[in-house]
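Each step along the sequence shown adds one to the number in our numbering, with nothing skipped, and position 16 is 88.
No lab work stands behind these hints, which were simulated from the structure alone. Here the structure is a predicted model, which means the values were calculated and not measured. From the three backbone atoms N, C-alpha and C, an ideal C-beta is built for every residue, glycine too. Each hint should be verified, as a subset may be incorrect.
What the hints assert, rightly or not - Result set (DSS-like, lysine-lysine): computed pairs, CA atoms no more than 27 Å apart in a straight line: (1) K195 <-> K329; (2) K76 <-> K122; (3) K207 <-> K90.
Said to hold, decoys possible - If you anchor each label on the Cβ, the simulated ranges turn out as follows: (4) S350 <-> D94: 20 to 30 Å; (5) E177 <-> N89: 12 to 22 Å; (6) K291 <-> K240: 14 to 24 Å; (7) L279 <-> G107: 18 to 28 Å; (8) K295 <-> G166: 31 to 41 Å; (9) Y237 <-> E303: 17 to 27 Å.
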Amino acid sequence: MVKKVFKKVVLTSKFCNKDVTDIALQCIEVLTNIGIEVAVTSELKQIDKKLYIDKLKVIRTADLVISIGGDGTMLDSAKNYGFHSIPILGINLGNLGFLTDIQPENINNSLLDIVSGKYTVDKRIFLEAKINERKKKFIALNEVIIHSGSIAQLTEYEVYINETYVYKQRADGLIVSTPTGSTAYSLSGGGPIVHPSVNAITILPMLSHSVSTSPLLVKDTSKVSINILSERINSELCLDSHNKLPLKKGDTVSINKSKNQLHLIHPKDHNFYAGCRSKLGWSAGVISN
C-alpha cells in the first residue's frame, strides 16, 4: 500500500486540449486508485464537472496542485496557488520546461513516488512591484520589466538600490529578475544563469545606449527603485509578460522580494544542471561535414 503524503490533489492547466485531457485523466486514474481525492480547476471542468472546485476552495483545501502544460502554465499556477503556500508539481507539455520537469511518459511512476514522499522541495522567490505609493502590489515569479513600449525607442530612467543611487540609463528598458527568471527573458537579453539556491536579484539593462553596461547582481533582500525620466516616451511596466501598466515621467517603480515563496516539487533525481544541459544544449557537439 502506498503511503500518502498528499490527501487532496488539484489538477490545473491553461487549456483543455486533447493532450492536456489525456494527461489529466491519467493523473486522475493513478491518484484515485490509491485513495487520493482529486479535483480540477475551471479550465479542466469539462473533463468531469463533479471534480470542479473554485480558486478559493483550491487555496483552502489543496495539499498539492499539479500544473499540466509548459512554463507559462506554471507561471499562472505559481501566482494563483503557489503564492498561497500550496506546493506545485509541473508536468511538461511545453518546449523548454525549466519549471515543469515531469515528462508525460514518466507520469505513473513519478506520481506514485511523489505522493509517497519521494521528492525534493525547491523554494523560489517572488518579486513584488508597485508604482509610486499606491497600495496595490503586483507579483512576478520570473521578472519585472520596464520598457519603452515601442520598437527602437529608448526610455530614460534612474536606478537606486536601497535608496543609494546606482546609475542613469537610456535603454530599451530594464529587466529585474529572480533566479527563476534567469533562464527566461533575462537569458535572451544576455543576462547570467543564476542557480535557484543563490539569494540574488539580477538587474539587466535592455539594449542600453552605453558601451559599459553589464548585468548587476544584488542581494535578494535589496529594494530596487526605478525613477522614470522620459517625457515623450510612454513607458510600461510588465510582470512575467502580463499586467502591462503605463508609466509616465516622475513615476517610481519599487521592487522587492515578497515574503511568500513558491514551493516547487521535483522528483528525487531532479538536477538543475542536467536540465540546463538538455534544454540549452550545453553539451551539444560541433557537427562536422
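Structure-based check of each hint:
1. K195 <-> K329: holds (13 Å)
2. K76 <-> K122: holds (23 Å)
3. K207 <-> K90: violated (42 Å)
4. S350 <-> D94: 20 to 30 Å: Holds, at about 24 Å.
5. E177 <-> N89: 12 to 22 Å: Given a distance of about 18 Å, which is inside 12 to 22 Å, the answer is holds.
6. K291 <-> K240: 14 to 24 Å: Taking Cβ atoms as reference, K291 and K240 lie about 22 Å apart, which means the hint holds.
7. L279 <-> G107: 18 to 28 Å: With Cβ atoms ~55 Å apart, the hint is violated.
8. K295 <-> G166: 31 to 41 Å: holds (33 Å)
9. Y237 <-> E303: 17 to 27 Å: holds (21 Å)
This entry does not satisfy hints 3, 7, going by the numbered hints stated previously.
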